[in-house]
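Quick one: dock chain against chain with the hints and give me the complex.
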Amino acid sequence: MTPLGILGPVHLVAAVVGLSLLTASLIRLYRSEDGVPTRRLASAGGLFMAIPFALGWAMYPTYRTQIKPGLLTEHPGLVTAFESKEHLAAMGLCCVLGGVGALIAPEGLGAGRSLLTTGWMLCVIAAGIGVAVTWVPSL
Amino acid sequence: MSASDGLVTRRRAVAWALLGLTAAVSYAVQTLYAGWTSTGDIALPIATAHIPFYWRFALALFQGLLVGSIAFLGLSERDCQRILDRIPVLAPALILPLAGLMLVFP
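Residue numbers (the numbering used here), protein chains in the order written: chain A, 1189 to 1327; chain B, 141 to 246.
Isolated chain B (complex conformation) (with noise of 0.2 Å):
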């Protein structure tokens, strides 16, 4: 393999990552949101004519893909480097607090 081609592969590794974590934080970020300027009435989801988790869901992945489009074309090697030697503590440091506060305010 040579060294383009291992640094196209670290940067597509990035992008993964930098996918699932954004879309995993976009997702809990939105749903929060929208727990938090809401009624509070948990009946609401059955009188609403659509379905926002699917929306919310459909922009994560979205807001997800654009950060790992913008991570692949633009990230140097040192910064892939960083960013996969980071990911490991930050991906459980902002998922699991933003998950329990949705078991908390569902």
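The shape of chain A in the complex, shown without the other chains (with noise of 0.2 Å):
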């Protein structure tokens, strides 16, 4: 088995976990007062989205050499869209980051929402981005 057929069920399972973990802090979040007890959970989701972000790091010089030739001969608008997810995730991992911290306090509930809420939707991009990719191509 390929590293990537390894790591990318891996990849793949971390990142739904993270993304589940992610969404349910942010509907406590949305309906309480007070951030701080919501923190752990969001620290969770925001870990678990770390998992599959370094495993993407750990199998993008494989890809870039096995895979991505290939797609870029067959479906070229895959490469580029590839080359979003990557952005997206790493600026929502940025803001999840932030998100989690700006929570220490009760007075950054408000911060730590919104750069929650932005870091999920960008996650929530790139997850659609990196299934697409994945799937178009065993089309």
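Among these hints, one or two may not hold up.
[To be verified] Just some of the chain B residues that point at chain A, by a computed CB distance under 8 Å:
no., residue
1, Thr149
2, Gly160
3, Gly204
[To be verified] Here are some chain A residues the structure puts well away from chain B; computed CB gaps all over 10 Å:
no., residue
4, Ala1202
5, Arg1228
6, Leu1243
Calculated directly from the structure, the hints in this document are not laboratory data.
Note that this is a predicted model, so its numbers are computed, not measured.
C-beta: ideal position from N, C-alpha, C; glycine also.
Next comes the structure, spelled out in structure tokens:
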């Protein structure tokens, strides 16, 4: 089995778990007046989002040399979409990191909510592009 | 919690928020600048010997850490509150258009 074959499913599962935890923490954040108790859940979401990001870093060199050349010939649009996915995931993770940190203080609830929501949106778009990039070439 | 503990906590919250915001904006600006100054050949990332994505992300995090550290060390209580009040509007207003630009110009 190739490294992509092993790391790919872990990358997918960690991303799904991370997005689910982030969604749950955002729902709790918008329902409560105090963000501090939700911080642990949001931290877990951030941690699980960092795992697929780190795995993506590990898989990227293999993807670049083994998959990207073929994809570029057959589906050039998907290659650019894949690059956008990486960029959105990087920005999303930065926002989630800032949002989780802002929840340390009760006064940071608004900033934390805003950064986590922005990060969540970027990660959802990145996940959608990731699914499309994986799914379309197999059609 | 004493007043000074509260201020330290608020400063930490501002520092983290600014770290995340700065890193995200820095990453987007670096990527868009690289796209703007490149030849526009999408095959180029395959041909290059190194992966600029790693460097950009590391530099963005470093700049975020720098801004966060300065904020943690130098902000007064009033400034902390002012920044925390503005980030809810500032974060999506800055980041979402940049993310949209990166979708249009990858």
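Going through the hints against the structure:
1. Thr149: This hint holds: Thr149(B) lies near chain A, its Cβ roughly 4 Å from the closest one there, short of 8 Å.
2. Gly160: 2 Å, holds
3. Gly204: 7 Å, holds
4. Ala1202: 18 Å, holds
5. Arg1228: 15 Å, holds
6. Leu1243: 14 Å, holds
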